[in-house]
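K.L.:
If you're matching them up, the sequences are chains A and B in order.
Okay, so the first sequence: first residue is 1 according to the working numbering, each after it adds one.
Okay, so the second sequence: first residue is 226 according to the working numbering, each after it adds one.
Hints are computed from structural coordinates only; laboratory data are not their basis.
Keep in mind that the hints are not guaranteed to be accurate.
[To be verified] So these bits of chain A aren't anywhere near chain B, every CB distance computed over 12 angstroms: (1) E17; (2) R51; (3) L68; (4) A85; (5) L89; (6) I95; (7) P127; (8) D158.
[Said to hold, decoys possible] Ranges of calculated distance between the beta carbons of each label pair, as one might list FRET restraints: (9) G260(B) x E167(A): 50 to 60 angstroms; (10) M1(A) x A230(B): 46 to 56 angstroms; (11) S241(B) x G187(A): 36 to 46 angstroms; (12) S241(B) x P188(A): 25 to 35 angstroms; (13) S286(B) x R54(A): 40 to 50 angstroms; (14) S286(B) x S20(A): 46 to 56 angstroms; (15) A124(A) x G235(B): 56 to 66 angstroms; (16) S166(A) x D301(B): 35 to 45 angstroms.
[What the hints assert, rightly or not] From the structure, some residues in chain B lie toward chain A, with a derived Cβ separation under 7 angstroms: (17) R252; (18) A272; (19) A276.
Quantities reported herein were computed from a predicted structural model and do not represent experimental measurements.
Just so you know, even glycine gets a beta-carbon here, dropped at the ideal spot from N, CA and C.
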Amino acid sequence: MTIQPIWSPVALSTMVEPSSSTGAVVNGAELVVWRDSSGKAHVWEDRCPHRGMRMSFGFVRGDHLACLYHGWQYDTAGQCRHIPAHPQLEVPQTIRMQTFATAERNGLIWAGATADVDPALLPAEIPGLVPVRSLYADCTVAKVMATLGATPLPGSDDAPALETISENYLSVSSGPLRLFVAIQTMGPDKVALHLMTNQGAPIAALARYAQPLRLSLETPLAEVA
Amino acid sequence: MAEVAFVFSGDLVQASFRQFALHRAARLALAIDFGASGERFVDVTVAGDDALIDMFEMACSLGPYDCIIHDVARRDVSPSNRN
């Protein structure tokens with residue numbers, strides 16, 4: 001399994017606490033995003049090799065992620081290290097998770113398309129960013145671009161300026177206010193947007209701006225409802 | 226290490242069951258050899274760690290979604306080192 005694009009945002013860094021796990025979807029690929037007890041983030045296929053249980057339902061024990069179903073434990077490299085029903089078993093190398101390159105940049109956790117993606121292909125580092133929120137919408141990326149370009153930022157009546165930083169990372173600005181949007185394509189008509197801004201910007205106002213933004217993104221569905 | 230011969234019988238889709246068994250054996254680091262097979266049975270011999278052979282038996286007794294295993298016959302080919 002590979003995921004596209006080369007680097008995809010999967011969560012705001014602040015949304016995944018140390019020793020916890022959560023799920024994410026990139027172009028239909030189901031992933032588990034988890035942090036070990038030292039705080040290092042990992043992204044794997046969200047499927048235990050044993051019985052297919054979602055690893056995002058699992059729990060973290062030190063630097064191992066354990067499956068909720070039978071407790072099989074995997075180390076940070078994805079190798080199974082412990083099977084509770086057979087504690088003496090030397091687990092073969094063949095029992096391992098599919099892992100993806102994982103990086104943190106600009107307050108986001110990014111997943112690589114494979115295990116060996118070049119970190120140099122990540123968007124450039126922008127210092128001093130703070131998280132606003134994530135939002136999920138049933139729409140295309142094209143709709144996201146059109147809607148972001150047409151929706152004034154808080155405190156402005158004019159359409160904002162859009163600047164593409166990388167294929168799934170852009171800035172939306174209006175005067176001194178700048179919103180950074182990382183687009184996680186979950187499927188053809190499903191996206192997650194992870195919003196960041198500069199320190200000192202009105203975070204609450206930007207979070208409120210995201211509410212009608214989401215409605216606008218889903219306008220056809222909202223009208224039917 | 227042990228070697229065990231299984232006969233899985235039931236409502237089988239041969240290609241599907243074979244692919245499933247091969248996949249599970251590879252996952253569990255077991256050597257696998259297929260013997261005779263028919264519409265309602267397949268003969269499989271695996272070799273490897275005792276515990277992993279037990280896991281293989283359990284997985285194949287559940288089988289892929291399009292097969293229903295009614296019975297599993299198990300015969301030790303090589304003695305196990307199990308304590």
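K.L.:
Would you mind marking each hint as holding or not holding in the structure?
P.N.:
Against the structure, the hints come out as follows:
{"no.": "1", "hint": "E17", "in the structure": "holds, 31 angstroms"}
{"no.": "2", "hint": "R51", "in the structure": "violated, 8 angstroms"}
{"no.": "3", "hint": "L68", "in the structure": "holds, 18 angstroms"}
{"no.": "4", "hint": "A85", "in the structure": "violated, 8 angstroms"}
{"no.": "5", "hint": "L89", "in the structure": "violated, 5 angstroms"}
{"no.": "6", "hint": "I95", "in the structure": "violated, 6 angstroms"}
{"no.": "7", "hint": "P127", "in the structure": "holds, 45 angstroms"}
{"no.": "8", "hint": "D158", "in the structure": "holds, 56 angstroms"}
{"no.": "9", "hint": "G260(B) x E167(A): 50 to 60 angstroms", "in the structure": "holds, 53 angstroms"}
{"no.": "10", "hint": "M1(A) x A230(B): 46 to 56 angstroms", "in the structure": "violated, 34 angstroms"}
{"no.": "11", "hint": "S241(B) x G187(A): 36 to 46 angstroms", "in the structure": "violated, 28 angstroms"}
{"no.": "12", "hint": "S241(B) x P188(A): 25 to 35 angstroms", "in the structure": "holds, 30 angstroms"}
{"no.": "13", "hint": "S286(B) x R54(A): 40 to 50 angstroms", "in the structure": "violated, 23 angstroms"}
{"no.": "14", "hint": "S286(B) x S20(A): 46 to 56 angstroms", "in the structure": "violated, 35 angstroms"}
{"no.": "15", "hint": "A124(A) x G235(B): 56 to 66 angstroms", "in the structure": "holds, 59 angstroms"}
{"no.": "16", "hint": "S166(A) x D301(B): 35 to 45 angstroms", "in the structure": "violated, 59 angstroms"}
{"no.": "17", "hint": "R252", "in the structure": "holds, 6 angstroms"}
{"no.": "18", "hint": "A272", "in the structure": "violated, 13 angstroms"}
{"no.": "19", "hint": "A276", "in the structure": "holds, 4 angstroms"}
Checked against the numbered hints given earlier, this structure breaks hints 2, 4, 5, 6, 10, 11, 13, 14, 16, 18; the rest are met.
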